[in-house]
Amino acid sequence: MVRLQTEPIRLDELIAAVRGDGDGAVALFLGTARNVTAGTEVLFLEYEAYAGMAEHEMERIASLALSDFAVSRVAIAHRVGRVEIGEASVGIAVAAPHRAAAMDACRFVIDTLKATVPIWKREHVLGGAVWVE
Amino acid sequence: MVRLQTEPIRLDELIAAVRGDGDGAVALFLGTARNVTAGTEVLFLEYEAYAGMAEHEMERIASLALSDFAVSRVAIAHRVGRVEIGEASVGIAVAAPHRAAAMDACRFVIDTLKATVPIWKREHVLGGAVWVE
Amino acid sequence: MTLRVLYFASLRDRTGVGEETVEIASGTDVSALWSMLGDRHPRLSAAGVKPLVACDRTYAAWDRVLDGVAEVAFLPPVSGG
Amino acid sequence: MTLRVLYFASLRDRTGVGEETVEIASGTDVSALWSMLGDRHPRLSAAGVKPLVACDRTYAAWDRVLDGVAEVAFLPPVSGG
Numbered sequence: 001m002v003r004l005q006t007e008p009i010r011l012d013e014l015i016a017a018v019r020g021d022g023d024g025a026v027a028l029f030l031g032t033a034r035n036v037t038a039g040t041e042v043l044f045l046e047y048e049a050y051a052g053m054a055e056h057e058m059e060r061i062a063s064l065a066l067s068d069f070a071v072s073r074v075a076i077a078h079r080v081g082r083v084e085i086g087e088a089s090v091g092i093a094v095a096a097p098h099r100a101a102a103m104d105a106c107r108f109v110i111d112t113l114k115a116t117v118p119i120w121k122r123e124h125v126l127g128g129a130v131w132v133e
Numbered sequence: 001m002v003r004l005q006t007e008p009i010r011l012d013e014l015i016a017a018v019r020g021d022g023d024g025a026v027a028l029f030l031g032t033a034r035n036v037t038a039g040t041e042v043l044f045l046e047y048e049a050y051a052g053m054a055e056h057e058m059e060r061i062a063s064l065a066l067s068d069f070a071v072s073r074v075a076i077a078h079r080v081g082r083v084e085i086g087e088a089s090v091g092i093a094v095a096a097p098h099r100a101a102a103m104d105a106c107r108f109v110i111d112t113l114k115a116t117v118p119i120w121k122r123e124h125v126l127g128g129a130v131w132v133e
Numbered sequence: 001m002t003l004r005v006l007y008f009a010s011l012r013d014r015t016g017v018g019e020e021t022v023e024i025a026s027g028t029d030v031s032a033l034w035s036m037l038g039d040r041h042p043r044l045s046a047a048g049v050k051p052l053v054a055c056d057r058t059y060a061a062w063d064r065v066l067d068g069v070a071e072v073a074f075l076p077p078v079s080g081g
Numbered sequence: 001m002t003l004r005v006l007y008f009a010s011l012r013d014r015t016g017v018g019e020e021t022v023e024i025a026s027g028t029d030v031s032a033l034w035s036m037l038g039d040r041h042p043r044l045s046a047a048g049v050k051p052l053v054a055c056d057r058t059y060a061a062w063d064r065v066l067d068g069v070a071e072v073a074f075l076p077p078v079s080g081g
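Protein chains in written order, with my numbering: chain U, 1 to 133; chain L, 1 to 133; chain D, 1 to 81; chain V, 1 to 81.
In isolation and in its complexed conformation, chain U is listed as follows:
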């Protein structure tokens, strides 16, 4: 399951999307909006995605995880639009029979997502906003 969404990320949905009765482990990752960047207070974040391509890249990463690690299912959700401080901008869930594969694959997914998925973050600070690129 791969999704771009404007609504808050719900972990229970991600878990329901990945877990099967043969799985003994679910590794999860949430990227959350921090209130500070390089010493400056951040008011909120804004995410822009290249819709269509972003989902395509997320699907590709999920497929790679499934082929390279002994995992059962992968779910990735990423917010677009405004994200408040403390909210999750990205949520990842990976289910597997055993924990090491689940955790390895979860790390692979977030690391690869941050490197390749066409999504951009804009930090809104007092008096303006800057793209993080």
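Simulated from the structure, these hints should not be mistaken for laboratory data. Treat the hints with care, since some could be wrong.
What the hints assert, rightly or not - Distance windows between CB atoms, simulated:
{"no.": "1", "chain 1": "D", "residue 1": "Thr2", "chain 2": "L", "residue 2": "Pro8", "range": "54 to 64 Å"}
{"no.": "2", "chain 1": "U", "residue 1": "Phe44", "chain 2": "D", "residue 2": "Thr2", "range": "34 to 44 Å"}
{"no.": "3", "chain 1": "D", "residue 1": "Val65", "chain 2": "L", "residue 2": "Asp21", "range": "48 to 58 Å"}
Unchecked claim - Negatives, chain U to chain D, calculated, CB over 12 Å:
{"no.": "4", "residue": "Ser89"}
{"no.": "5", "residue": "His98"}
{"no.": "6", "residue": "Leu126"}
Every residue, glycine too, gets a C-beta built ideally from N, C-alpha and C.
Please build the complex by placing chains L, D and V on the supplied structure of chain U, with the hints as guidance.
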């Protein structure tokens, strides 16, 4: 936050217990009850803990994680009593400013918990139950 | 040949448009297109570093010839997650 | 000296009790206690491998002298998580 509990583990409570506005990452792990062990169908699990010492060990692991990794807070919840297939027997949440430390510490916590916390699992199968030791 | 060109994030700020249509000759590659677009949007080339490129929603190289491509996107370094 | 002794999981199945009180002499260590308990519960020693030991809820060695200890627990290999 460290807890032994008979009720289902709620991830939202674990996340609320760990996340601060300076944190950009929350790594989570759920150990879930599998329906099969060594080819035999499992009906449900039962966990017994050495209450008092188990929480003490979990606190010790959380403290080690906080001192050895650049993380903000750690929460660990473990079920005792009957756990149905698909339910989480253990839940771990680690918040950190950055993701690598959160994921490293989360893995340290589950690996160490499985090695040292005095909790025992009994697998209930057709016609009986066996301690996993 | 008609091509849809997309700009994202700071590149869109530089062009002032998120999407536009351009006519290119057969055999044009991404580099040549980028030069054309720089004439149209002077602030684009001022970006300095070359962005990433996607052709029909897949990452592509700068020498990719655009024959048969419908959509080219210029992507600043990504920062999702 | 009175000591509270706890058994968990399969060890409790072997003794039939989860907790009991025993009287020991000053200077008794965990190994000596284990021998005493084996006499009381013949199926305990049949467990084969020696379990882990906790004194007052902290892991302890088998040569730990029990003077001042209030609670000793015998723990099969753990399987939580």
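These are the hints, each one checked on the structure:
1. D/Thr2 with L/Pro8: 54 to 64 Å: Once the Cβ atoms are compared, 57 Å apart, the range 54 to 64 Å for L/Pro8 and D/Thr2 holds.
2. U/Phe44 with D/Thr2: 34 to 44 Å: Since the Cβ atoms of U/Phe44 and D/Thr2 sit about 39 Å apart, the hinted range of 34 to 44 Å holds.
3. D/Val65 with L/Asp21: 48 to 58 Å: holds, 49 Å
4. Ser89: violated, 7 Å
5. His98: holds, 26 Å
6. Leu126: holds, 20 Å
The structure does not agree with numbered hint 4 stated previously, though it agrees with all others.
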